[in-house]
Amino acid sequence: MPIKTEPFYLNLGPQHPSTHGVFRLRVELDGEVIVNVEPIIGYLHRGIEKLAETRTYTQVIPLTDRLDYVASMTNNLAYCLSVEKLAGIKVPERAEYLRVIFSELMRLANHFLAIGAFLNDCGALATPLIYMWREREKIVDLCEMTCGQRLLFNYMRVGGVSQDVPEEFMPALKKFVAEMPKFIGEYEQLIKQNEIFLARTKGVGILPKETAINIGASGPVLRGSGVNWDIRKKDPYSIYERFDFEVPTGEVGDCYDRFWVRLREMRQSVRILEQAIVQIPAKGPTWADVPQFFRPPAGEAYGHIEAPKGNLGFYVVSDGSIAPYRVHIFPPSLINVTALADMAIGWKVADLIIIFGSIDVVLGEIDR
Amino acid sequence: MTLLDQFQKMLMTAGLPDWAAYLVPALVGIILIIAVSLTLVIIFIWWERRLLGRFQLRLGPNRCGPEGILQPVATGLKLLLKEDIVPAKADKILHFLAPIVVFVPVLMIFAVVPVSEGAILANLNIGIVYVIAISSISTIGIFMAAWGSSNKFALISGMRTVAQMVSYELPVVLSIVGVGLVTGSFSMLSIVQAQSIPFILLMPLGGVIFFLGCLAEMNRSPFDLLEADSEIVAGYHTEYSGMKFAMFFMGEYGVALAYSAVIATLFLGGWSGPLLPPVIWFLIKVVLVFSFTVWMRATLPRLRVDQLMAFAWKGLLPMAVINLVIIAIEVLVVPASMLWLMVILNFAFAAVLVLLWSRLFTLGGGRVEV
Amino acid sequence: MTVVTSGEDLAKKIAEAIPGSVISSDKTSVMVDAAKLAQVAEFLKNTPGLDFNYLNFATAVDYIDYFELVYRLLSMEHNHSLVLKTRCYDRENPTVPSIVSLWRGAYFQEREMFDMFGIKFEGHPDLRRLLTWEGFKGYPLRRDYL
Chain A
141 MPIKTEPFYL
151 NLGPQHPSTH
161 GVFRLRVELD
171 GEVIVNVEPI
181 IGYLHRGIEK
191 LAETRTYTQV
201 IPLTDRLDYV
211 ASMTNNLAYC
221 LSVEKLAGIK
231 VPERAEYLRV
241 IFSELMRLAN
251 HFLAIGAFLN
261 DCGALATPLI
271 YMWREREKIV
281 DLCEMTCGQR
291 LLFNYMRVGG
301 VSQDVPEEFM
311 PALKKFVAEM
321 PKFIGEYEQL
331 IKQNEIFLAR
341 TKGVGILPKE
351 TAINIGASGP
361 VLRGSGVNWD
371 IRKKDPYSIY
381 ERFDFEVPTG
391 EVGDCYDRFW
401 VRLREMRQSV
411 RILEQAIVQI
421 PAKGPTWADV
431 PQFFRPPAGE
441 AYGHIEAPKG
451 NLGFYVVSDG
461 SIAPYRVHIF
471 PPSLINVTAL
481 ADMAIGWKVA
491 DLIIIFGSID
501 VVLGEIDR
Chain B
703 MTLLDQFQKM
713 LMTAGLPDWA
723 AYLVPALVGI
733 ILIIAVSLTL
743 VIIFIWWERR
753 LLGRFQLRLG
763 PNRCGPEGIL
773 QPVATGLKLL
783 LKEDIVPAKA
793 DKILHFLAPI
803 VVFVPVLMIF
813 AVVPVSEGAI
823 LANLNIGIVY
833 VIAISSISTI
843 GIFMAAWGSS
853 NKFALISGMR
863 TVAQMVSYEL
873 PVVLSIVGVG
883 LVTGSFSMLS
893 IVQAQSIPFI
903 LLMPLGGVIF
913 FLGCLAEMNR
923 SPFDLLEADS
933 EIVAGYHTEY
943 SGMKFAMFFM
953 GEYGVALAYS
963 AVIATLFLGG
973 WSGPLLPPVI
983 WFLIKVVLVF
993 SFTVWMRATL
1003 PRLRVDQLMA
1013 FAWKGLLPMA
1023 VINLVIIAIE
1033 VLVVPASMLW
1043 LMVILNFAFA
1053 AVLVLLWSRL
1063 FTLGGGRVEV
Chain C
20 MTVVTSGEDL
30 AKKIAEAIPG
40 SVISSDKTSV
50 MVDAAKLAQV
60 AEFLKNTPGL
70 DFNYLNFATA
80 VDYIDYFELV
90 YRLLSMEHNH
100 SLVLKTRCYD
110 RENPTVPSIV
120 SLWRGAYFQE
130 REMFDMFGIK
140 FEGHPDLRRL
150 LTWEGFKGYP
160 LRRDYL
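Residue numbers (our numbering), protein chains in the order written: chain A, 141 to 508; chain B, 703 to 1072; chain C, 20 to 165.
These aren't lab readings, by the way, just hints derived from the structure by calculation. Take these hints with a grain of salt, some might be off.
Taking lysine-lysine pairs in the DSS-like style, the calculated list, with each CA pair at most 30 Å apart, reads [to be verified]: (1) 139(C) to 190(A); (2) 46(C) to 225(A); (3) 373(A) to 46(C); (4) 64(C) to 349(A); (5) 314(A) to 230(A); (6) 374(A) to 46(C); (7) 225(A) to 64(C); (8) 374(A) to 64(C); (9) 32(C) to 64(C); (10) 374(A) to 31(C); (11) 225(A) to 31(C); (12) 156(C) to 190(A); (13) 315(A) to 278(A); (14) 230(A) to 46(C); (15) 32(C) to 374(A); (16) 144(A) to 711(B).
Quick list of simulated restraints, FRET-style, between CB atoms [unchecked claim]: (17) 329(A) to 990(B): 20 to 28 Å; (18) 52(C) to 196(A): 31 to 39 Å; (19) 162(C) to 303(A): 35 to 43 Å.
Quick partial rundown of chain A residues pointing at chain C, CB under 10 Å, derived from the structure [to be verified]: (20) 172; (21) 175; (22) 185; (23) 348; (24) 350; (25) 367; (26) 453; (27) 457; (28) 470.
Keep in mind the model is a prediction, meaning the values are calculated, not measured. All residues carry an ideal CB built from backbone N, CA and C; glycine is no exception.
So here's chain A without its partners, still in its complex pose (with noise of 0.2 Å):
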């Protein structure tokens, strides 16, 4: 006689200590398997859209700080250089190297966080974040050093960034640089060839290629799968084509090459950094002087950086006022969401963390 089971729905409710911010899963389990899985958001929904529709174009960079709070610059020189598109602004050389070393920089500070909270839903208690944590400080300390905030930013202009950084971040950066790669090669082999890891992350969470492209995936997910699109690579904006790096791809799109990609990604931003405090010109104005309420001409721009999640990309509607008529925010963890079901369906509770790590997203950019 057949035993008689029934799904039952899990609420990986808003409040659990593995979802990277107020996020939503409806799961449906045959026991431990999961069956289907539905991502429900909207509960940090601010408003951001509309609330750039009353302001000026300045006073919004301070509300893109708060939509991928963990490496918020990034989000800020995604929404100048789509204003400077529809303006024609032209950013000086010495801003435009102080951009590309915050970038990087921010990028690592991400990807710190992703590998450590990675390991932390994987159950290695809190040793890996603490480690990566101690890093991201270093960066922190930084950033704190140029603009005085350690989390939100606000820190880039349209033309430009805000203010010149002090006589103490060039030599400070330096050193950090300089002994970056030893810890990098040293969480690598701390967790690379960990057996329990390998066994949790192997082959879990498949994403394959065709899926990636068809979602529009984008970042290291996309990269995972095996597809080579970098927009630093492809449609390269700000000076990004003078700088020599490589854009680290995996093979099979399963969570361990997600994470390996987020790892090697981490040593191409270090080279990055390395050519760019070479090649930085030593003094130069650092803010293209643009008026306080500037009136761009009417017309609209779409401008997109390769963000640490993935493609960050701002739509702006310009009616030639001092405030823009619609700013959209394309947001990477949104898309990269999509792939979820797909890559989640069949394997088990523990599974669907580990795959939602792999993924990193930020609820700030989701929900806007």
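Dock chains B and C against chain A, hints included.
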């Protein structure tokens, strides 16, 4: 002759009636054990938090009392003062009884742990089997907590509990039988007295299997899926607060202490050692084993439930059976004076088996076609 | 470098394949008729040489007389991009065919457009509000809300 037996004889010659001479040493022993073990549990909580902090590049608690020694007391006080919340749909009786059923067997294990020469509460001749039997009662308590909470996360945790605890009993028991074969008895006192060479050297594979099985029984990393913080919030004790949660908490550290003491007795030689008094040696060994478990907790990620089961049934169990057969043959063949031969043979067999298993055996499982 | 395909050339190709669809075009974008959006999208995706297999983003703007939907398509193989636009003049009950069957990335974005503007997408498997709660009245990003 245990110390308590001598005390009883002394009381009888002093003129007390038989029943009083039996009862007084028993009461003294029980009170001593409960007091000392609970104090040790508190010290171990402090030790674990400091050690874990050092592994994680930070200091542990160091504000409350000198070097933070009063931190667990502060935790206990806080938990005492918290409101005791029972979910509305919970099964009241199960919810109430579960902490008791989990905590009391832990205290009972200490009845057969020999602290020093003859210092044991009850020298049962089935000593170690008693430990295993009693600790299985805690499993029922955990499942009662999981079921009675009427919480889906707790339910998942409860299902995992039953699977994990039952699976890991087998390798543990088989290792114990190996120890029993070499000793000739299951009584804890005789096991310590038979260890001219500590059994960890004499049967390394058995020791390792027993240690891993005990980790799983204790629900400690890497087998702590029952209370996997990052997956099922807090597992079976999600819905507990206040003193009931404190009982689970102390029960967890109590069972860690108990099993560390059992491992120190069975495999490391109990109280034996040169120079220092036996009690000190015993404490050192217990702290060593406990620190090793804390080290594993700090560094290893956790297994998934089907990988856990595969590890128990396909990995540990066959190795435990083969280990038992090898030890049985050696006990028959090797004369008692050439124990070093047994050491060398066992190390060789352990190396071969571990290498073979790491080649052949994968932590399988994987995707289920839905 | 992602080449921005010339809107005018593409407009000619689209007009040949699906007559009556192109309304206007300029250097970077093509504006098509809302009713024929799905066919144009399929043509753009499946024609060899165009191969727009990656949807970059999908959004809408409220110009008070009409809603303008903007899609940006990319081809990974050829590394060229195109902006596809369409307009919806109905304010009470705007309806546009859905492109979820072609690019699954539009699943959440179309739900968001429905939530924020009230634009309904035919053929979307599960059109519900995304960011606001169920039972919310009104469409926040319209110009006449608040």
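For this session: Please work out if residue 144(A) and residue 711(B) have their alpha carbons no farther apart than 30 Å.
Result: Violated, because 63 Å separates the two Cα atoms, which is more than 30 Å.
Problem set entry | chain C contact restraint on residue 350(A) - CB to CB distance below 10 Å | Constraint on residue 350(A) satisfied, holds at 9 Å.
Exercise. When the nearest CB of chain C is found for residue 172(A), is that gap smaller than 10 Å?
Worked result: violated, 26 Å
For this session: Starting from residue 374(A), check that the Cα of residue 31(C) is at most 30 Å away, please.
Result: Status holds; Cα separation ~27 Å.
For this session: Compare the distance between the alpha carbons of residue 225(A) and residue 64(C) with 30 Å, and conclude whether the hinted pair is satisfied.
Result: OK: residue 225(A) and residue 64(C) at ~28 Å, within 30 Å.
Exercise. Given the hinted pair residue 46(C) and residue 225(A), is their alpha-carbon gap at most 30 Å?
Worked result: holds, 16 Å
For this session: Tell me if residue 453(A) is really an interface residue toward chain C, meaning its C-beta lies closer than 10 Å to one of theirs.
Result: With a minimum Cβ separation of about 6 Å from chain C (threshold 10 Å), the hint on residue 453(A) holds.
Exercise. Holds or violated: residue 314(A) with residue 230(A), Cα cutoff 30 Å?
Worked result: Given pair residue 314(A), residue 230(A) holds - Cα atoms ~28 Å apart, limit 30 Å.
Exercise. Given the proposed pairing of residue 230(A) with residue 46(C), does the C-alpha separation stay at or below 30 Å?
Worked result: With a Cα-Cα distance of about 22 Å, the restraint between residue 230(A) and residue 46(C) holds, given a limit of 30 Å.
For this session: Compare the distance between the alpha carbons of residue 374(A) and residue 64(C) with 30 Å, and conclude whether the hinted pair is satisfied.
Result: Given that 30 Å is the threshold and the Cα spacing comes to 20 Å, the pair holds.
For this session: With a cut-off of 30 Å on the C-alpha distance, tell me whether residue 32(C) and residue 374(A) pass.
Result: Measuring from Cα to Cα gives roughly 26 Å; hence the hint holds.
For this session: Grab the minimum C-beta distance from residue 175(A) to chain C and call the hint holds if it beats 10 Å, violated otherwise.
Result: violated, 17 Å
Hint violations for this structure: numbers 16, 20, 21, 23, all remaining hints satisfied.
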